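Participant: This is what each chain is made of:
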Amino acid sequence: MGPSVSVGAKNSHSVLEDRPGAEPDLAALSERFEWQSVLFAPEPERGALLRLKAKWPLSARRIRFHRNHGIESALSVLRPFLEYAGIEPQFVVSDYDDSLSFSTVDPADVEVIWLDLTRFTDRLSPEGVASWLGARVAALRARTDAPVLVLDWDGPMAAASEFAEQFRECTEPLGGVRLAERRELFEDLGEYYFDEGRVSVTGTRMSRQGAVGTARLLGSRWLPALLEPRLRAVVVDLDNTLYDGVLAEDGGEGVLLTEAHAELQRDLLTLRTSGLFLGLVSRNDPADVQELFRTRADFPLHWGDFSAHSIGWQLKSAGVERIAQALRIDTGAILFVDDNAGELLETLQRVPRLRCLHAGQDADRTVSCLRYFPGLWAFEGTVEDTLRIADTRANEERERALAVAADDVASYYRELGVRLTVDHNREQRLPRIAELSRKTNQFNLALQRYGESELRSHMAAGKWELSTARLEDRLTDSGVVAMSVAERQGSKLLVHELCISCRALGRQLEDLIVAQMLVSGRIFAGTSEVTFPLLDGPRNQPARTWLSQLTGTSLPSAQETVQVFVQPQRLVEASVNPHVSIAIL
Amino acid sequence: MKTADTERTTVRQILQTALDTPLEGIANPTRDEIERWDSLTHVEIVFMLEERFDVRFSEEEIVALHSLADIVALLREKHAA
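Here the protein sequences line up with chains Z and F, keeping their order. Per this note's numbering, the first sequence starts with residue 1, numbered consecutively. Per this note's numbering, the second sequence starts with residue 1, numbered consecutively.
The following block holds chain Z by itself, in its conformation from the complex:
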């Protein structure tokens, strides 16, 4: 069973009465809920989309489109989807260019290839188009390390998989190239995705419905997945969210699992399979909730599917915070789904970084919201995504074992059979190294965010040593939990970045992991000094504390990057732990 949070005293007063005198800006907080009905509608209305203007802080991102047909009718409606995801888009659009000459070279955060591929099919087979396109993307990759998103085959569907297979084969070695698959949209809209009869006016075969649907996939799935860290957990309420009814009033057998609620539960399971945690927050009696899941065999979701629970009469905000603590994740990485707008607002007031989704009475709409909510969808689950779920469960047992063995940590390591595997400069580790740099917020020193392509080019140039550490014990295989990026500069070793996944923290292995990644590398021998650049971030205190303990000094504030020096011998000493099995590949 996952970490469960204890139950507070029954509190029946209004959720907004806890802080007398507080004057919440409810209108501002609830504005995002109002956007839901427009963005996640079965067929979003163009006029309603254009009227949406974000009033919350956004991060500017430069998004460049290379195209050979009209894009404007999609770009206008793409903006609100990106704003909802927290992105202020700065669109840069090429001239119509069938040859993909990439005449502009100024930097962008992402490059999008927006081609009508049927313009090539009178001369080339689908495989030929894929090969040509792969070569052009390789030319683009030579100019930029930014992620590249390529809209998929838009010719006859029979050739789609042939095209995709060939294109992936061509671009896989480049790193950071993703194919944007529209199969779901093609199936939904059928022939209405295209509008061949008005190309001379619109400049594109894409219909108005196709443009909105594609914009929604770009703005809510593909671009957030490339530009922002993925959310880590979905925390859901029970009553009128996972089913129709109120447990305390209707009883476990009385609450209704509609087909839409069943679909919602199945979608949550799919998200769990893709590597997201599920959490449960409910103002109910814990025994009633456990009984509900025990007796309702028709529920697709089971009690054990939730990695953390907070059931009781405390405020929802407290429940969400305790779940974040139990899962060791930031509240900004959680989506909270609840049918009660008042409780959502209360939670947002106290946990402002939280993402919230208002589950309306229509569960079908909640299903649609979850399918398009930015930050949930990912191009592909890494091995570590799925390992993470089991690993977090095991952490509870590890913590108990460590508490019992407080005076004898060696027995703790022996009991668990801890194994550490370190490797260096392995091509297949690059996606995970890039992912760790993007996702790690607690144990990272320099706050560097690397793209796969950037890592690949530095590694190929022989400048950087990219190291990873994999952790296993008898409870779980935690997968690759740490990485370092180091460079030899004369007699000194410069550690550009160092990241350890938060789920590997708390096992008293940080010294060993870091030291092994650095000491076992080929560029460590003969080092006279090791330098760690340190930059204070909003949440990287654990890394700063670790470095402070390693150096035995109090480190200065690092609002700007400071260089922290460590004697190589200190790392050599830390690289030894006779109770842990260590392998260097």
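Take the hints with a grain of salt, since some may be wrong.
What follows is a set of in silico ranges between Cβ atoms, one per label pair, in the way DEER data are often shown [unchecked claim]: (1) F:R36 <-> Z:A27: 25 to 33 Å; (2) F:E50 <-> Z:K53: 17 to 25 Å; (3) Z:E172 <-> F:N28: 53 to 61 Å; (4) Z:D122 <-> F:R36: 47 to 55 Å.
By construction, these hints were calculated from the structure, which means they are not laboratory data. Nothing here was measured: the structure is a model prediction, and the numbers come from that model. Glycine is no exception: its CB is placed at the ideal position from the N, C-alpha and C atoms.
Using the hints, position chain F against chain Z.
Facilitator: Below, chain F alone, put in the same frame as chain Z:
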């Protein structure tokens, strides 16, 4: 008459949204008068009209639309048909 007024008001709102420009005081906005009403925005307006009024314009009709009055007249024609 009331329906016709409502239709005209809705078209005006669509023009304002697409053009991102207030149109108060302009009885019959035209493409020649409004700088922002370029070919790209014209397509945007056409899409919004089709969506709102559940109609479809041909290429020839799209090209022939030059003003609010043109749009309202064409919508009436289509609804009467």
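Participant: Please go over all the hints and tell whether each is borne out by the structure.
Facilitator: The hints, checked one at a time:
The beta-carbon spacing between R36 of chain F and A27 of chain Z, approximately 30 Å, falls within the hinted interval of 25 to 33 Å. Judged by the Cβ atoms, the range 17 to 25 Å given for E50 of chain F and K53 of chain Z holds: they are separated by roughly 24 Å. Here the CB-CB span from E172 of chain Z to N28 of chain F is close to 58 Å, well matched to the stated 53 to 61 Å. Separation of D122 of chain Z from R36 of chain F is about 38 Å and departs from the stated range, judged on CB atoms against 47 to 55 Å.
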